[in-house]
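Residue numbers (my numbering), protein chains in the order written: chain A, 392 to 726; chain B, 529 to 788.
Derived by calculation from the structure, the hints in this document are not laboratory data. Accuracy of the hints is not assured; some may be wrong.
Below 25 Å or equal to it, Euclidean Cα-Cα: the simulated BS3-like pairs (lysine-lysine) are [unchecked claim]: (1) K695/A with K473/A; (2) K549/B with K682/A; (3) K658/B with K695/A.
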Amino acid sequence: MHRVGFTTTIPLEVLIAAGRQPVDLNNIFITGGSSCRLVEEAELAGFPRNVCGWIKGIYAAIRESGLSEVVAVTEGDCSYTKALMEVLSLEGIRIVPFAYPHDRDAGSVRFEIEKLMRHFDVGWEEVNRAKERLDGIRRKIREIDRLTWQENLATGWENHYFQVSATDMNGDPDCFEAEVDRFLKDAAGRNPFQERIRLAYIGVPPIFPDIYSFLETLGARVVFNETQRQFAMPYDTSDMVEQYRSYTYPYDIFHRLADIIPETGRRKADAVIHYVQSFCFRQIEDMIIRKKLPLPILTLEGDKPGPLDERTKIRLEGFVEMLEDRDQREESSIQ
Amino acid sequence: MRIGIDLGSRKAKFALFRDNKIVRLADYDTITFYKRFGSLDGDDLSLDLHGSGLFGSEELSLAEVMVTGYGRNTLSLKGAHIVSEVRAHVAGAIFQTGLKNFTMLDMGGQDTKVALVKEGRLEDFVMNDKCAASSGRYLENMAAVLEVGLEELSSHWEEPVKLDATCGIFGESELIGQILRGHSTAALCAGVNQTLVKRVLPMLRRFPSKTIVLVGGVALNGALARLLELETGLPLVVPDHPQHNGAIGCATLKSRDRDK
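Kindly generate the complete structure, drawing on both the sequences and the hints.
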């Protein structure tokens, strides 16, 4: 099967309808076991040190995987992607641009999806059939998310993993669905977690996935993964255009906050971890998030992939301790 | 009796307390201290406090030991309770100043922390990340370039020479350029102190309050304190033992269930 890579979430339905194997380049970069080496290779190729680690990882992952065609999200992600696309096209990779319109205009979203469909030579009938197939899996992933915050049966990492994998269904929807089914069966037999602190994780997925297990050793569990949940298309709609308009990640911060604020409330999050990538424009949005979100926020910056560094651990511990103190204060004031 | 230990990147600091009062403060160069008195016992760091000569055997047998600082995550210290740096420093600042509402600025060897304290409780904090150009180590480097002692560097705040390299190492060559232009040592020292103030101002701005409590080894730099007062327009309180603040805080804190 012909494999097609992409730089961030795109309408997966189109690739599935076209019989292509989808490859989310972020996922193969971060889960490949050699993510740090990939970043180094990109730097050796000439990518500056002060550029986002994800861009460098994606670049090297494409080179290593031998992919010849990549869908690049040119609007709705970052301008680094545009330059990455230029470098890749110079190196002979076929680049298919895809743009999320800044104003979320339905006509423009439809135009972009249809442009992608034309490129892969598929029609709405096949695409909608693919959507039905994918929605079946997405509903199950939504159940994993519900189990995380409502039943307390899934860890922060499990919640992260299944949702983030939904961008490409790990390249094989049938196989991935079987994995989801196995997990759901397993989780049903668990005893609920009883952490004192419930955290919301917002921002791009972490470049150090052990953040979840580390937080759990401190007695704090992530019950909301903002972007990962978005990747899994949490909106139950049969209209594909509407689905990719509701999807928050590629649009402005206020559209994202309109999702974050009610979700942190519904899930009873005590506090928020805002993860930002070094050198990412989204660091600026931290200012707005701090003004709009009525919860304690720890802003965490990550650069290179790998296990959590000591300095980040010091921050996380200090933050959890501070929340525990508040908790105890509130309890004693109630008594 | 209680012993507080703050394992910093440059210095290991110690505080001995009896009846909630300071009995003794001490410090050691971190590297020397680890080399001479540190060893590994499985995954645990074992510090030979007896051998260090810092405490008498009676004191060591009676005291509860509480530790914080850079070494704490790398290794767990055998037989000691562990607290986070932020919590230790806030406790130290409250103990030393008697204040309950303030913004704490802790400037250490590598770390800079700003914490908002309300009614004696930590409300929020921020730490420098990915770069330690606003730290004690930077001051040491710059003093070496200027061929002055830290004491001399710490005495100049007037007419600072403008320095604006992003990187603490490039800052050295920038400083050399300014030396060649003939600026006085006093103005160059003031310039170095000013760069530190500019670095921490955005962090301070995040947590406004009526008083700033400055702790950490850098608080011994009087010129920096003066510049901070000028830039913020706020009264600055430097406690008696700013460098030992984390160790003092440790010695005043109670252990918790999840401490090792």
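Against the structure, the hints come out as follows:
1. K695/A with K473/A: holds, 21 Å
2. K549/B with K682/A: Answer violated: K549/B to K682/A is near 41 Å, above 25 Å.
3. K658/B with K695/A: Given pair K658/B, K695/A holds - Cα atoms ~11 Å apart, limit 25 Å.
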